[in-house]
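Listed below, chain by chain, are the residues.
Number of protein chains: 4
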Amino acid sequence: MDPIERLSLLFERFPGIGPRQAQRFVQYLLRSSPTLRRELADGVRALSSTIHQCPQCMRYHASDNATCNFCSDAGRDQSLLAVLSSDADLLALERSHTYHGMYFVLGGLIHLASEKTKGLRLRELKSRAKQPGLQEIVIAFPANPEGDATTSIVRDELSGIGPRITTLGRGLSTGSELEYADPETLRSALDNRK
Amino acid sequence: MDPIERLSLLFERFPGIGPRQAQRFVQYLLRSSPTLRRELADGVRALSSTIHQCPQCMRYHASDNATCNFCSDAGRDQSLLAVLSSDADLLALERSHTYHGMYFVLGGLIHLASEKTKGLRLRELKSRAKQPGLQEIVIAFPANPEGDATTSIVRDELSGIGPRITTLGRGLSTGSELEYADPETLRSALDNRK
Amino acid sequence: MDPIERLSLLFERFPGIGPRQAQRFVQYLLRSSPTLRRELADGVRALSSTIHQCPQCMRYHASDNATCNFCSDAGRDQSLLAVLSSDADLLALERSHTYHGMYFVLGGLIHLASEKTKGLRLRELKSRAKQPGLQEIVIAFPANPEGDATTSIVRDELSGIGPRITTLGRGLSTGSELEYADPETLRSALDNRK
Amino acid sequence: MDPIERLSLLFERFPGIGPRQAQRFVQYLLRSSPTLRRELADGVRALSSTIHQCPQCMRYHASDNATCNFCSDAGRDQSLLAVLSSDADLLALERSHTYHGMYFVLGGLIHLASEKTKGLRLRELKSRAKQPGLQEIVIAFPANPEGDATTSIVRDELSGIGPRITTLGRGLSTGSELEYADPETLRSALDNRK
Chain A
1 MDPIERLSLL FERFPGIGPR QAQRFVQYLL RSSPTLRREL ADGVRALSST IHQCPQCMRY
61 HASDNATCNF CSDAGRDQSL LAVLSSDADL LALERSHTYH GMYFVLGGLI HLASEKTKGL
121 RLRELKSRAK QPGLQEIVIA FPANPEGDAT TSIVRDELSG IGPRITTLGR GLSTGSELEY
181 ADPETLRSAL DNRK
Chain B
195 MDPIERLSLL FERFPGIGPR QAQRFVQYLL RSSPTLRREL ADGVRALSST IHQCPQCMRY
255 HASDNATCNF CSDAGRDQSL LAVLSSDADL LALERSHTYH GMYFVLGGLI HLASEKTKGL
315 RLRELKSRAK QPGLQEIVIA FPANPEGDAT TSIVRDELSG IGPRITTLGR GLSTGSELEY
375 ADPETLRSAL DNRK
Chain C
389 MDPIERLSLL FERFPGIGPR QAQRFVQYLL RSSPTLRREL ADGVRALSST IHQCPQCMRY
449 HASDNATCNF CSDAGRDQSL LAVLSSDADL LALERSHTYH GMYFVLGGLI HLASEKTKGL
509 RLRELKSRAK QPGLQEIVIA FPANPEGDAT TSIVRDELSG IGPRITTLGR GLSTGSELEY
569 ADPETLRSAL DNRK
Chain D
583 MDPIERLSLL FERFPGIGPR QAQRFVQYLL RSSPTLRREL ADGVRALSST IHQCPQCMRY
643 HASDNATCNF CSDAGRDQSL LAVLSSDADL LALERSHTYH GMYFVLGGLI HLASEKTKGL
703 RLRELKSRAK QPGLQEIVIA FPANPEGDAT TSIVRDELSG IGPRITTLGR GLSTGSELEY
763 ADPETLRSAL DNRK
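Those protein sequences? They're chains A, B, C and D, same order as listed. Residue numbers for the first sequence follow our numbering, beginning at 1 and rising by one. Residue numbers for the second sequence follow our numbering, beginning at 195 and rising by one. Residue numbers for the third sequence follow our numbering, beginning at 389 and rising by one. Residue numbers for the fourth sequence follow our numbering, beginning at 583 and rising by one.
Hints are not guaranteed to be accurate.
What the hints assert, rightly or not - Anything over 12 Å on all C-beta distances counts as not near chain C; from chain B, calculated:
id : residue
1  : Q250
2  : G269
3  : A307
4  : R317
5  : S321
6  : P357
7  : E373
Unchecked claim - Below are the DSSO-like pairs computed for lysine-lysine, each with C-alpha atoms no more than 30 Å apart in a straight line:
id : chain 1 : residue 1 : chain 2 : residue 2
8  : B       : K388      : A       : K116
9  : C       : K518      : D       : K776
10 : C       : K514      : D       : K776
11 : A       : K194      : B       : K320
12 : D       : K776      : C       : K506
13 : C       : K582      : D       : K712
14 : B       : K310      : B       : K320
15 : D       : K700      : C       : K582
16 : B       : K388      : A       : K126
17 : B       : K310      : A       : K194
If you're looking for bench data, these hints aren't it; they were derived computationally from the structure. Backbone N, C-alpha and C fix where the C-beta goes; we use that ideal spot for every residue, glycine too.
With these hints in hand, go ahead and build the complete structure from the sequences.
Here you go:
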């Protein structure tokens, strides 16, 4: 196959990228300097050699230590563990400067049609939940059906282990208009009024 | 002025309607039957003669009694009063079947640039808040800067009158993704975890 | 039925208006002055008494004469007739200041599923096409399947009457990008190159 | 810098990609197999070694010959040359199966603010226009201000060389509605009626 076409097909597998934008990526690279192309190729290769998974929170990181910066930071609250769906959600929560506990990345959400939990790090989560010193596990999944279904599975898996299990509060989020809010959100907003 | 143009200008003043759609409304009426046009004209006129404002909650209604259906319903919780920005928000909350207290419509939100409270029924709200039997007033404005500024004005006005003042809970609303949530929403979601 | 609800249902029949915006229209009218409501009701009523259809071009107008301003303007090119789908298309073409001939409004396009021509003024168009002095009829329908199907019906109806039948030229329209243009448009753009 | 961050910054330079999607690309690659990452790195590298520019039409291609498939195809109409802005536009025109002449890629459009023609292959185009056998050059740029300004520059550069210079026809493009068409498009549609 034509190298242009072959590369275009690889870009089509990127999240959110269709054939047209994949082709545009290749055209962009063709017009770029050989140096930039080499940097990109090296950067992609470097993921395999320099990136590893933190054995504590399971996120990918490039720290020289096996354990990532967050998990090896003694200043964080070791008694609180947030369980997140993805590295991206972890980074979003960290960026908000509102959370100072520990993290665990489950690696996805349950697929509702198939109810498959394949690829979810449930075994690793259970083992992490048993570590001493943990007092609360806050399940922090998105507020959608996949998130809710995965929350209920995680709750089942963790029940009886010890730490208190909580979930993120629901209510109006910034920008919510009452007129367009769904009944579930209004109910939570009323229940959580204060 | 041409009656087509004059009517089009009136439709342009409707919320969310620009010149093009206003013209389309007139064309639609031109193609409609005289009966439909008469029904519409009568319907608009009927608002003046049959609709009145409830002296309790201030919303517009067509009940034969001065007081509206909700305010005259003895089955509702008389100790709880929700303060809303508009009739539309009141109807949205009612449709959600999650609230069974009383209502009060403030008639708008503060305009942030001018800080004008003109048109807001603050005096009527104070007087309503003094009615006996009220134990809690839940301020239920949209989760945006105008809503927040109006909440703080309403809190000031009502302070010391007696009933407990609460506001709707914040957090993830249905469909919220952590990755796109703002820090304020994440903070509330963490604070309200349970 | 409640007058608010009844009026809301009438607004829902307006083109492009759903239940929510229809309700917002009623709320807007409730908050408006009785004067504005009376003006609107009168304006709607006035359509029945002051607006009539031009017997030449069939569009709705408010001129005191039976014949509309365009059709009674001796300065326009009487040898050229544009056939349009709607009053709105006629006004758009007039606003562009690119056309100085006469007009005829067909009153719609064929419905592709049913192939119904009911409501289309085909008989009136034929009779108009036979008026002396006409040398060219330009069919000016939108460039979509309904427009194309109606063009072919109108061509059939008018064939043999006398005036030359033309249709609007196709090609790139302002803002068109080659990369996103469909083959039909590219073919026309190539055919019409100059 | 962190390899994740460094790669993310490279993806941010891709056309249409912001920081968030760039990060998502990296996360996708982290979750992918080492094999896919190697394929992608090799594919990017391969552009430098296997892709070259056709000396006739200036597009990038992977054919073993210096000259690309289109330019070396004796079956194409050698008397007609289409001048396009980009490889993507060339491929779009080819895909439409409406053009069977030769191609030339200018490599961009004039930047309106700066009026810079840097990077445009004007010298190469002039030299290509002088090749014997050419009878017509059709300038096929997008129908926008940049395209129009570049058309006028290309016309100037090519004037007096010999071949007839044409541009793509304007008019209604597929899907155009008269009501929303701009005056320029309506004028062209009227001028090109047939």
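Each hint tested on the structure:
At the 12 Å boundary, the C-beta of Q250/B stays outside the reach of chain C, the nearest C-beta of that chain being 17 Å off. Against the 12 Å criterion, G269/B stays outside the reach of chain C, whose nearest CB is about 21 Å from its own CB. No beta-carbon of chain C comes within 12 Å of the beta-carbon of A307/B; the shortest separation is about 21 Å. The claim that R317/B is not at the interface with chain C holds, since no C-beta of that chain comes within 12 Å of its own (minimum 18 Å).
Its beta-carbon lying about 21 Å from the closest one in chain C, S321/B satisfies the requirement of being farther than 12 Å from that chain. At the 12 Å boundary, the C-beta of P357/B stays outside the reach of chain C, the nearest C-beta of that chain being 28 Å off. Taking the minimum C-beta to C-beta distance to chain C, about 29 Å, the non-interface status of E373/B holds against the 12 Å cut. With a C-alpha separation of about 27 Å, the suggested pair K388/B and K116/A falls inside the 30 Å cut-off, and the hint holds.
A distance of roughly 21 Å separates the Cα atoms of K518/C and K776/D; the hinted pair therefore holds under the 30 Å criterion. Restraint check for K514/C and K776/D: the C-alpha separation of about 20 Å stays at or below 30 Å, so the hint holds. Taking the CA atoms of K194/A and K320/B, the gap is about 20 Å. The hint holds against a cut of 30 Å. Using a Cα cut-off of 30 Å, the hinted pair K776/D and K506/C holds, with the two alpha carbons roughly 28 Å apart.
Proposed proximity of K582/C and K712/D is supported: the alpha carbons are some 21 Å apart, at most 30 Å. Using a Cα cut-off of 30 Å, the hinted pair K310/B and K320/B holds, with the two alpha carbons roughly 18 Å apart. Only pairs whose Cα atoms come within 30 Å are accepted, and K700/D paired with K582/C is accepted, the gap being roughly 28 Å. At roughly 20 Å between alpha-carbon atoms, K388/B and K126/A fall within 30 Å of each other, so this suggested pair holds.
Restraint check: the Cα-Cα separation between K310/B and K194/A comes to about 27 Å, which is no more than 30 Å; the hinted pair holds.
Violation of the numbered hints given earlier is absent; every hint is satisfied by the structure.
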